[in-house]
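*Asks:* One letter stands for each residue in the lines below.
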Amino acid sequence: MLDQSEGYVTSDGRKIGGVVMEMKNITLRFGGVVAIKDISFDIREGEIRAIIGPNGAGKSSMLNVISGFYNPQEGEVWYRGSLRPPMKPYQVARQGIARTFQNIALFEGMTVLDNVMTGRLTKMNSGMFSQAIWKGRAEAEETENREKAERIIDFLEIQSIRKTPVARLPYGLKKRVELARALVSEPSLLLLDEPMAGMNVEEKEDMSRFILDVNDEFGTTIALIEHDMGVVMDLSDRVVVMDYGKKIGDGTPDEVRRNQDVIDAYLGVAHD
Amino acid sequence: MAQTQSGVGGLVSIPALLNRNASEFAGSPAYREKEFGIWQTWTWSQTRDEIEALALGLLDMGVAEGDFVAVIGRNRPYLYWSMVAVQMVGGVPVPLYQDSVAEEMAYVMGHCGAKLAVVADQEQVDKILEVNDQLPDFQRMIYLDPRGLRKYDHEHLEQFSKVQDRGRAARDRLKAELDARIARLDYDSTCVMLYTSGTTGKPKGVVLSNRNVIETARSSSEFDHLRPDDDILAYLPMAWVGDFIFSVGQAYWTGFCVNCPESPDTMMTDLREIGPTYYFAPPRVFETQLTNVMIRMEDAGRFKQWLFHTFMKVAREVGPKLLDGKPVGFLDRVRYKLGDLAVYGPLKNTLGFSRVRVGYTAGEAIGPDIFDFYRALGINLKQLYGQTEATVFITAQPDGQVRSDTVGVPSPGVELRIAENGEVFYRSPGVFVEYYKNAESTAGTKDAEGWVATGDAGFIEPDTGHLRIIDRAKDVGQMADGSLFAPKYVENKLKFYPNILEAVVFGNNRTECTAFINIDLTAVGNWAERNNIAYSSYQELAGHPQVMDAIQRHVEEVNLSVAEDEMLSGCQVHRFVVLHKELDADDGELTRTRKVRRRIIEEKYADIIAALYDGSPRVSTVTEVTYEDGRKGAIKATLEVRDAATVAVARKMAAE
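Going line by line, the protein sequences match chains A and B. Converting from the first sequence to my numbering requires adding 159 to each position, the first position being numbered 1. Converting from the second sequence to my numbering requires adding 73 to each position, the first position being numbered 1.
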C-alpha cells in the first residue's frame, strides 16, 4: 500500500490527496481472451484520472472492474485502504462510486427529473409502507431528494428539459442527464465511460467544462475513459494508457505525450 | 413645456419609490424568480431589506457618490436590486449587455470610468479580467454565482451575499450616512446611464435623470391603467432602456411584480407558469411563437386542424372588433365564445397569454398577419415607438385605436414635429439629459429648445393623428433615376414571410434594387423535413434550389406589393442572393438589438454586391465568422444569384 498521506499539487494549484483506489496486478479473462493483463495503477483523492487507449485496448473492461461489474481472475482491488472482496454493482454503488455508460443507460420513457431522482435510490431508507402512503419519512426523504436533484439540474444547466421525456432528447443532452443521475448520488468516486463519444466540438467543450466544475465544486474524484486525446490531455491530472490489455504508459499528460510506446500505439506500429 | 418641478409627494427617486412601496405594498410580491424548480418570492418589504443591506455593503466598500457601477448579467432580482442599491448610495448604475464581448465591455466601462461591477457569474468575471489592464479606474467586482470562482484571487472579487452580510453588520454604523445620501437624491440627479447599441460608431452613454424615468413611468402607467397586482416577465436585456422602464420605472411607480425566468432556455415555460398581465416582446418573439404554433398544428390530427382553422377564421373577423369595442352581432359573439372555449382559450394558455391585459411590441415593424393573429385571439397587443433618448415612449397606441401599420399617437406629454426631410422630432419630459462625455453628439441630437431628432423618417396621418414610420432617415436615399429609396420598407415586407429571417436591400444611387436574404432555419428546416429534403448544414439548405425557388416567389410577391405604392415602386428587388450564413451580432453585422448595420455589411460582402450588379450567375466568396468564444474561422461558399420578376411601373402607368 502506498502511504495514504502522500499527495501532490497540480500545475493549476489543486491539492491532490492520498490514494482512494488501487488496482494491483489485475488480469481479466473472458474464456481464452485476455482483456486486461497484469495492470496496476492508483486513483488519488480529488484528481481527474484518465484511462486512454485505442479501440479494443480494454478500457471499458478496466472501468467495469473498478465499478465491480467484472471480477478479475487475478489481482486485488483496494478501496479506501481495504481489500475489496468481489461485490455486486449495487454494493459498490453504496460505497459511493457512481458511473455513466458509454452507450447511455437511461430510462427512455421517464422524464429527466425522474431519471435524475433514480440516482438517489442508494440514499433512500424509508420502508415500502411509508412510501406507499407517502407520509412521514418517505415524504421528508422525497423533499430532500428533490432538492438535491434540483441543485444538480441547476448545476448542469438542464432546467429547460426538466419535464421532458429522455427519449426526446438529443444525444449530447442525454449524456448530461446521465452525468446528473450519477452526481445526484453524491459519489466520492465518479466513473465516466467515454463521456464525449459521439459529440461535436461544442458539446465536448461543454462536457469538459462540467467535468472540471464537478471536480472543483464537489471535490469529486473522477476516473474517465476517453479516446479523444486532445480532450483528455487538457482535462486530466494523470493518465493511464492501455493497448491490447496492457498498460503502456502512466503519468501526467506531458509525460504520456512524450512516451514512445504511446506514440506508437496511437500512430500504429506492427505488434509482435 | 409644463414640467413637474418635483415629484408627487417627494417621490423623486427610485429609492424613494421603494420606500413608499415597502410600506404601502409591504406584503405583496415585488420580485419572483424560479430557482431550483420553485418560484421564490420577495415581498416589497423584504426587497427593501435586501436592497438596503446591499447598499450598506457598498457604502462599507467605499462606493462614493457619482461613482459608476456596471451591472452585467441576465435578468435576476439581485441585479435589479444592485441597480437600486447603487442609486441609494448616490452612484450611477450602468447595465451592460451580458452577451457583449470583452472589448465592447472594455470600451463602455472605460468610457464611464466604472469603479465597480456587479456581475452574474464566472463568464462575466472572466471577460472583465481579460480587459482589466485597459481599465485604470476599475477596482472591484461583486459576483452572484460563486460557481467556478472559488480558486480565483479574491483580492478584487467579492461575493454578493458577503457584501450584503457586510452591510447588515455595518448597519448601525452606516445607516445614517445611507439615509443622508438617499435624501440628497433629487429629480435632476442621474437615475441610470444606458449605452445605446449604436448602428454606427461607438456606443453612446445616455444619461437619464430621475425626472426622465419617473415622469415617463408615471404617465405611461396611467395611459395603460397599470395596477399593483400586475405581473410582468423580465426577460429582455437589462441594458435595454425598455427593460429599465418596465421592470424598474413602471414596476416601482405602480408597485407591480417583476418575474425573472429560471434560465434563458426556460423562458417559454416560465412565461406560461407566470401568465403575465403586462407583456412586452419584440416582433421576433411573436413571430417565433406563431411559427411554432403553425408547425405544431400541421402535426395535429385532421379534426383538430379543422377546428383550429374554422375558429381562427371567426377570430380574425370578430376578435379585433371585440377588442376595439366595436359593435358585434349576437351570432358572431356566440361563435367567438365557442371558439374561445375550443381554441383561443387553450391556445392562449399554452402561449402564456391567458392573463395579458396590455401587450406591446416595438423595435421593428410587425407583420400584419402576425399582429392580427394575436389580436384575433383577444390579446390586447399594441405598438409603441420609442428610443433610449426619449426614455422609451414617443408614441403608443391607445386601446381601441390599434393598427399594424402605425405606431400610435404621441404619448402623454410628448410633442411631435416632422421636419422638411421627413425626419421625426420630439420633445417630452422623458428627453435625456445628455450623452455622457460627448457634448458634440448631444448638441447634434438635441437642440436648445429640447427637440430631439429620432433619425427616423415618417409622417403623421392627417385624419387619425397616428404616426407612421417609413425608415431610418439616413437610410432613405435616392435611386439613380431620382425615385425614393427606402430599404427598410421593402425588407420588412420580405421579413413578414416566415421563411425569411433577415433581408438587406441595396440600391441607393443605383439603377435598381437588389437584396441579401437570410432564411429562417426553423421554418425552412421544418419545410425541408416535410418534403424529404436532406441537408447537412445551414449553408446547404440556404443554397438548395427548391429553397431558392420559394424565396424567389416571396421576392416576386413583395415586388408586386411594392409596385402598388407610387412613391416606392422603384424599390422592387431585381436580383437577390440567399446568404450562406446568418447575419450575426458577433460578426458586427447586426447590433445587439438585431438591427442591420448596412455600412459594415456593404464593406464585408462587397464581392457579392458586385455580383448582384454585374449580371454574373454565381459568386464565390469567403466570409470570416466569429464564434461565441471569440475565435475566428472562415466559411467558403458559391452562391447563386437569382433574377426576380418585377413589375414594369412605367408600362403600368401607360396602360392606365
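Calculated from the structure, these hints are not laboratory results. Being a predicted model, the structure only gives us computed values, none of them experimental. Certain hints may be false.
Quick list of simulated restraints, FRET-style, between CB atoms [said to hold, decoys possible]:
#1 B:Asp397 <-> A:Trp293: 25 to 31 Å
#2 A:Trp293 <-> B:Gln113: 23 to 29 Å
#3 A:Ser289 <-> B:Arg345: 54 to 60 Å
#4 B:Arg603 <-> A:Asp393: 49 to 55 Å
#5 B:Asp472 <-> A:Glu303: 56 to 62 Å
#6 B:Arg603 <-> A:Gly234: 44 to 50 Å
Listed next, the stretches of chain A that the computed footprint assigns to chain B, with coverage defined by at least 3 CB atoms under 8 Å from CB atoms of chain B [to be verified]:
#7 308-319
#8 395-406
Glycine is no exception: its CB is placed at the ideal position from the N, C-alpha and C atoms.
*Asks:* Would you mind marking each hint as holding or not holding in the structure?
*Replies:* Hints, one by one, checked against the model:
Taken as a hint, the range 25 to 31 Å is violated for the pair Asp397 (chain B) and Trp293 (chain A), whose Cβ atoms sit roughly 52 Å apart. At about 25 Å, the beta-carbon gap between Trp293 (chain A) and Gln113 (chain B) stays in the expected band of 23 to 29 Å. For the hinted restraint 54 to 60 Å between Ser289 (chain A) and Arg345 (chain B), the CB-CB distance of approximately 35 Å leaves it violated. The hint said 49 to 55 Å for the Cβ distance between Arg603 (chain B) and Asp393 (chain A), and at roughly 42 Å that hint is violated.
Taken as a hint, the range 56 to 62 Å is violated for the pair Asp472 (chain B) and Glu303 (chain A), whose Cβ atoms sit roughly 50 Å apart. Range check, Arg603 (chain B) to Gly234 (chain A): about 58 Å between beta-carbon atoms, so the 44 to 50 Å window is missed. Proximity of the region 308-319 of chain A to chain B, defined as three or more residues with a beta carbon under 8 Å from a beta carbon of that chain, is established by the 8 residues found. Check on the region 395-406 of chain A: 0 of its residues sit with their Cβ under 8 Å from a Cβ of chain B, so the three-residue criterion for coverage is violated.
Hints 1, 3, 4, 5, 6 and 8 from the earlier list are contradicted by this structure; the remaining hints agree with it.
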